[in-house]
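Engineer: Chain by chain, the residues:
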Amino acid sequence: MIDSILLVDDEDLFHLVFEDACSLLDMTLSLEALNSSDEADKLFKQWFEEGPIEERPECVFVDLNIIGSSFDGIELIRKINSDYGNGVVIGIISSSDDNQEIEKAKAVGAQFWIIKSDEIEPRLEDFLKDYSGYEKKTAPFKVYK
Amino acid sequence: MINGKDTVEEALRKAKAKKVFLEGNFVKLLAKSLPTDVKAYTEECKERDTKARRKRLEVNKRVQSQNKELEEAAVVKEALVLELQNALDDAEKLRDEAVEDLDLMQKRTQFELIGLIVRVALIIIVGVGVTTTLLYTTAMLADKDTTILGNAWSNLFGILLTNSFSIIGTIMGVKYATEKNS
Numbered sequence: 001m002i003d004s005i006l007l008v009d010d011e012d013l014f015h016l017v018f019e020d021a022c023s024l025l026d027m028t029l030s031l032e033a034l035n036s037s038d039e040a041d042k043l044f045k046q047w048f049e050e051g052p053i054e055e056r057p058e059c060v061f062v063d064l065n066i067i068g069s070s071f072d073g074i075e076l077i078r079k080i081n082s083d084y085g086n087g088v089v090i091g092i093i094s095s096s097d098d099n100q101e102i103e104k105a106k107a108v109g110a111q112f113w114i115i116k117s118d119e120i121e122p123r124l125e126d127f128l129k130d131y132s133g134y135e136k137k138t139a140p141f142k143v144y145k
Numbered sequence: 001m002i003n004g005k006d007t008v009e010e011a012l013r014k015a016k017a018k019k020v021f022l023e024g025n026f027v028k029l030l031a032k033s034l035p036t037d038v039k040a041y042t043e044e045c046k047e048r049d050t051k052a053r054r055k056r057l058e059v060n061k062r063v064q065s066q067n068k069e070l071e072e073a074a075v076v077k078e079a080l081v082l083e084l085q086n087a088l089d090d091a092e093k094l095r096d097e098a099v100e101d102l103d104l105m106q107k108r109t110q111f112e113l114i115g116l117i118v119r120v121a122l123i124i125i126v127g128v129g130v131t132t133t134l135l136y137t138t139a140m141l142a143d144k145d146t147t148i149l150g151n152a153w154s155n156l157f158g159i160l161l162t163n164s165f166s167i168i169g170t171i172m173g174v175k176y177a178t179e180k181n182s
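Taken in sequence, the protein lines are chains S and B. One point on numbering: in my numbering, the residue at position 14 of the first sequence is 14, and numbering is uninterrupted. One point on numbering: in my numbering, the residue at position 86 of the second sequence is 86, and numbering is uninterrupted.
To be clear, the hints were calculated from the coordinates, so they are not data collected in a lab. Check the hints yourself; a few may be wrong.
[Said to hold, decoys possible] Below, simulated EDC-like cross-link-like pairs (lysine to aspartate or glutamate); rule was C-alpha separation at most 16 Å, straight line: (1) B:Lys16 x B:Glu47; (2) B:Lys28 x B:Asp6; (3) B:Lys68 x S:Glu58; (4) B:Lys68 x S:Asp118.
Given the structure is predicted, the values throughout are model-derived calculations rather than measurements.
Here chain S stands alone, though its shape is the one from the complex (with noise of 0.2 Å):
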């Protein structure tokens, strides 16, 4: 089980369904979910220049284009990485499977890349096989699909 996540997604309803397909398949007891890039880049300035460090969440989900915030999700993913002291288990859920944003997202260190469909579990339940690769940094970048 991953001891805490944090979702930044525009889509309130996508928010109800993570969290729904989290909680059915015992991913997390803490999940927190945010609308804009901008709050999540503020919490993790936050986070690594004054902490607490502990309360940083253990993997983060993006969204690709989230309306609405000042950049999209590769760029905080870059931010996160580069800027406030990498450390956290890093990818993009989206509903999108282009190529070059793939590429891109795997350029700033996104770990994974989850397309988002009308059937999210059996996409989490594979990726929460392959997480301890993710958490130890051994496993490769992969797309669920």
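Based on the hints, put chain B in the right spot on chain S.
Structural biologist: Using the frame of chain S, we list chain B on its own:
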């Protein structure tokens, strides 16, 4: 009511008695070493929570899928509106072209008619001029009385000249007015 002095077990028993079932991940935090009756209650809570979540998940997925369909339909609608607008623009362009062609055709017909009138008028003018001149010349050569014929000839020439100027003036006027309109 549950109060601050109640132990977890007592609180759970009170909730059970009131048929109030716990929801959310809090249920998953409850240890499995609870007394059998309390454990049975927490298990039921878990079961109910899972059932409710599964139902909510299905409903939310359906709503999500419907939203997606609506968004796609909106995109298609927008494309159709754009296509319709383009077709309307094309139709308007064609109509304008047709109106222009019709106008041009009407003008052409008018010019042709004017040309015909001018030709006929000129033929008549020249014909009458030539005829009277021939008559007058013949009368003069034949040494006949030319008083009446001479007056008629000069009157006729005066009238023909006036009329020809009038025709030319009319034609020029029509031409000028048509050019100004177009």
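Engineer: Now tell me if each hint is right for this structure.
Structural biologist: Here is how each hint holds up against the structure:
Proximity of Lys16 (chain B) to Glu47 (chain B) is assessed by CA-CA distance (about 14 Å); at most 16 Å being required, the pair is judged to hold. With a CA separation close to 20 Å, the supplied pair Lys28 (chain B) and Asp6 (chain B) exceeds the 16 Å bound. Between Lys68 (chain B) and Glu58 (chain S) the CA atoms are separated by roughly 31 Å; this puts the pair beyond 16 Å, and the hint is violated. As the CA atoms of Lys68 (chain B) and Asp118 (chain S) are separated by approximately 11 Å, the hinted pair is consistent with the 16 Å bound.
Hint compliance for this structure: hints 2, 3 are broken, all remaining hints hold.
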